[in-house]
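J.: Just need the whole structure built from these sequences, with the hints factored in.
Heads up: the protein sequence lines correspond to chains A and B, in order.
Just so you know, my numbering puts the end of the first sequence at 551, numbered straight through with nothing missing.
Just so you know, my numbering puts the end of the second sequence at 474, numbered straight through with nothing missing.
Careful: at least some of the hints might be erroneous.
[As the list claims (entries may be wrong)] So the derived list for chain A, only partly shown, Cβ under 8 Å to chain B, looks like this:
| # | residue |
| --- | --- |
| 1 | PHE165 |
| 2 | LEU230 |
| 3 | VAL237 |
| 4 | GLU243 |
| 5 | ILE268 |
| 6 | PRO272 |
| 7 | VAL273 |
| 8 | PHE287 |
| 9 | PHE291 |
| 10 | MET305 |
Keep in mind that the hints were calculated from the coordinates and are not lab data.
The structure displayed is predicted, hence computed values, not measured ones.
Backbone N, C-alpha and C fix where the C-beta goes; we use that ideal spot for every residue, glycine too.
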Amino acid sequence: MTLTTSAPISPAVDAAIFDGMVTDDWVSTSDHRRIGQLHLGLVLGAVIAAASLGIAVHGSEGGWFGLASSGRGSVGSLLALHQNLWAVAIGMPLWVAVGTLVVPGQIGATRLAFPRMASVSLWGWVVGVATLVTATLVEDGPVTFNVLMSQAPLGTSGAANQATDLAIASLMLIAGATLVGAVNLVATIVTERRPALKLGEVNPFSWSIFVAMAVSILSTPVFIAGLFLTYLDQHFGSQFFASGAGADRAWAHMVWLFGRPETLLIALPAVGAVAGIVVARTGRPLVGGSVGNALISAAGCISITVWAGRELIAGSLIQPYSRFWVALVIVPLFLLLLLILGSVRGGLKPDVSLLFALGVLLSIVLGALITVVLITRDLTPDTAGAAQFGLPNLLIFGVALLGALGMVVETATDGYGRTLSKIGATLGGLSVLGGVLLSGAGLALGSFVDDAKNAHAGAALGKGLIAAGAALVMLTIVGSAFGRSRSVSATGSHSQEGNH
Amino acid sequence: MATKAQTNTVVTPVGLRRQSGNSAYLGALLVAAAGFVFMAALCGAYISVRNFVGIGDGGFIPKEMKFDNYAGFMTMVSGLGASASAEWALISAKVKQRRWALGGYGFAILLGLGAANSAWFIGSRSALVAADTAYAISFYAVIATTIGFVLLGVLASLLGLVRTMGGHIFGDNVLLGRATNVFVHLGTAASLVMFFLLFTYK
Chain A
52 MTLTTSAPIS PAVDAAIFDG MVTDDWVSTS DHRRIGQLHL GLVLGAVIAA
102 ASLGIAVHGS EGGWFGLASS GRGSVGSLLA LHQNLWAVAI GMPLWVAVGT
152 LVVPGQIGAT RLAFPRMASV SLWGWVVGVA TLVTATLVED GPVTFNVLMS
202 QAPLGTSGAA NQATDLAIAS LMLIAGATLV GAVNLVATIV TERRPALKLG
252 EVNPFSWSIF VAMAVSILST PVFIAGLFLT YLDQHFGSQF FASGAGADRA
302 WAHMVWLFGR PETLLIALPA VGAVAGIVVA RTGRPLVGGS VGNALISAAG
352 CISITVWAGR ELIAGSLIQP YSRFWVALVI VPLFLLLLLI LGSVRGGLKP
402 DVSLLFALGV LLSIVLGALI TVVLITRDLT PDTAGAAQFG LPNLLIFGVA
452 LLGALGMVVE TATDGYGRTL SKIGATLGGL SVLGGVLLSG AGLALGSFVD
502 DAKNAHAGAA LGKGLIAAGA ALVMLTIVGS AFGRSRSVSA TGSHSQEGNH
Chain B
273 MATKAQTNTV VTPVGLRRQS GNSAYLGALL VAAAGFVFMA ALCGAYISVR
323 NFVGIGDGGF IPKEMKFDNY AGFMTMVSGL GASASAEWAL ISAKVKQRRW
373 ALGGYGFAIL LGLGAANSAW FIGSRSALVA ADTAYAISFY AVIATTIGFV
423 LLGVLASLLG LVRTMGGHIF GDNVLLGRAT NVFVHLGTAA SLVMFFLLFT
473 YK
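T.: So, in structure tokens, the structure goes:
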């Protein structure tokens, strides 16, 4: 495997990046760094917003305060917005943003394959999220708003309102923007990489982005088609998702969050990020050569097979790892984790990014243990409620957030032109990790002790920590840029201190 | 707080750029793959609704529905003709026959518009009301998707025509032409799917 080392950014390029940060416009740029920085900043803003909604929802469930039970601003509508933000507006878009920022540098490319397409992806996402939020404020909120979390088809009520239309349109727009970003990243990795770098030898993180995006290209259109058919059902009374075994299956595979493969793959680049961080910190490739990349590919292939097969996970109480074939996706990832641990032998150069990598590992191990224990318990829909919220928080979204932030911190010198403040990044990392554990493991463990109220209160606290941690990382990045700005103003030239 | 510079990162040195036409072709293939999956999902939904409603007398397909096989066949044949013309244009561009290439893309545009018009004709002549039956909405969903993909192919052919005029698709430089043709073939595939679902499988 080709081990890659850092190439110093020339003062001219460095100055160009910095000038762009303070003077040039960010709207029409085609520079992957700027688009990635902006995309990541906005997605982290969405993380903070979604976590804040989580505080409101779990705080209400935990008895901190009371929210209305129906109508605009009710627990249900806030929960729906919270879940839709995490599942559609944050999950894969987070990796599109980090990929846009980091991947070209990892493969020796100077640009993305389609720079303007990256802008389309970014602004499509922005408009989609704005529409999604607007949908909750129109009329009494959307009737079919919580389509993603509903295991059973919504039926053909034909009770759609303007808010429903907005919600469906926003989800289609965000999914479309993610699809465009995925096409761009796959094309970039295949066609723009340094000629001497073979495809199978790219950095594990870039490879995991490649696999996740390739699967996303195949599965996102099905989701968009599902939303299109939902719209037809609600407006014209068609029977695409009418009640029945066939419709249940179609719904579960097309629209429902945990029935689609990209849900399982939101966490995949996080494991790739851990591998990438370990490669950078040890200064050596992973043990086993290209086996690591092969395992990542295997996870992608299995997820597609599970999705295309007859596996019906609707009705399961523990999501998403409730059936044998779905759980099989974990096997290659587990083997990859063993490879990563094997590669650590010989010492690591300490860095804050390792904290995030450790957080990913801890979350996966805890999630796996909790899943195994929950499977052995006789759960009912009532007692499984907290676990159903907790495990996705831990195993999917928590792991993804920790992995993405870890990769951003690790590659900050390439993405932002300088390393980030260690204090800020460490505090941010600890806060996010604590939040993920509280809102994930804490909430799931609530079902052990049948103390849902306190579990929700803990989850609310966890969401607060996630919001604070994400904000802290954002401030650290902005602070680095301002620190640099001050050094430039003071000297009248671009200071190289703290750079490569 | 400034920190020490890293000695190892995961960033590679910048190398030579590859040919950008490769990106366009690969990007077109990826978008086409997404389009095929979209159509497959629609097919699955159509078949699912058909099986759910049942295909007995007056079940899935309303009695008043009259199938115009000729129009369906013409849609499919026009689509296939557009694909053939686009490929002809590409081969002509490869052997530096500029006029033939322009003619090929011109024919592809006309045949594509013909396919879209034919699909529109099928929809407008069906006399079904979309909200009335499950079949009607499935029928219109398939027709609308076909028209959308065919028009995308027409747009790509138009782009191919302009690119050929500007000399961007000529001689050895035909990767953009290949990318263009992928979208034309996607439209043709949509017309084939429409013919299969609405006229053969029913």
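J.: Confirm or reject each hint.
T.: Tested hints:
1. PHE165: holds, 6 Å
2. LEU230: Hint on LEU230(A): holds, closest Cβ of chain B at ~6 Å, below 8 Å.
3. VAL237: holds, 6 Å
4. GLU243: holds, 6 Å
5. ILE268: Status holds, d = 5 Å.
6. PRO272: holds, 4 Å
7. VAL273: The hint holds - VAL273(A) has a Cβ within 8 Å of chain B, the shortest such distance being about 4 Å.
8. PHE287: Hint on PHE287(A): holds, closest Cβ of chain B at ~4 Å, below 8 Å.
9. PHE291: holds, 5 Å
10. MET305: holds, 6 Å
The structure meets every hint from the earlier list without exception.
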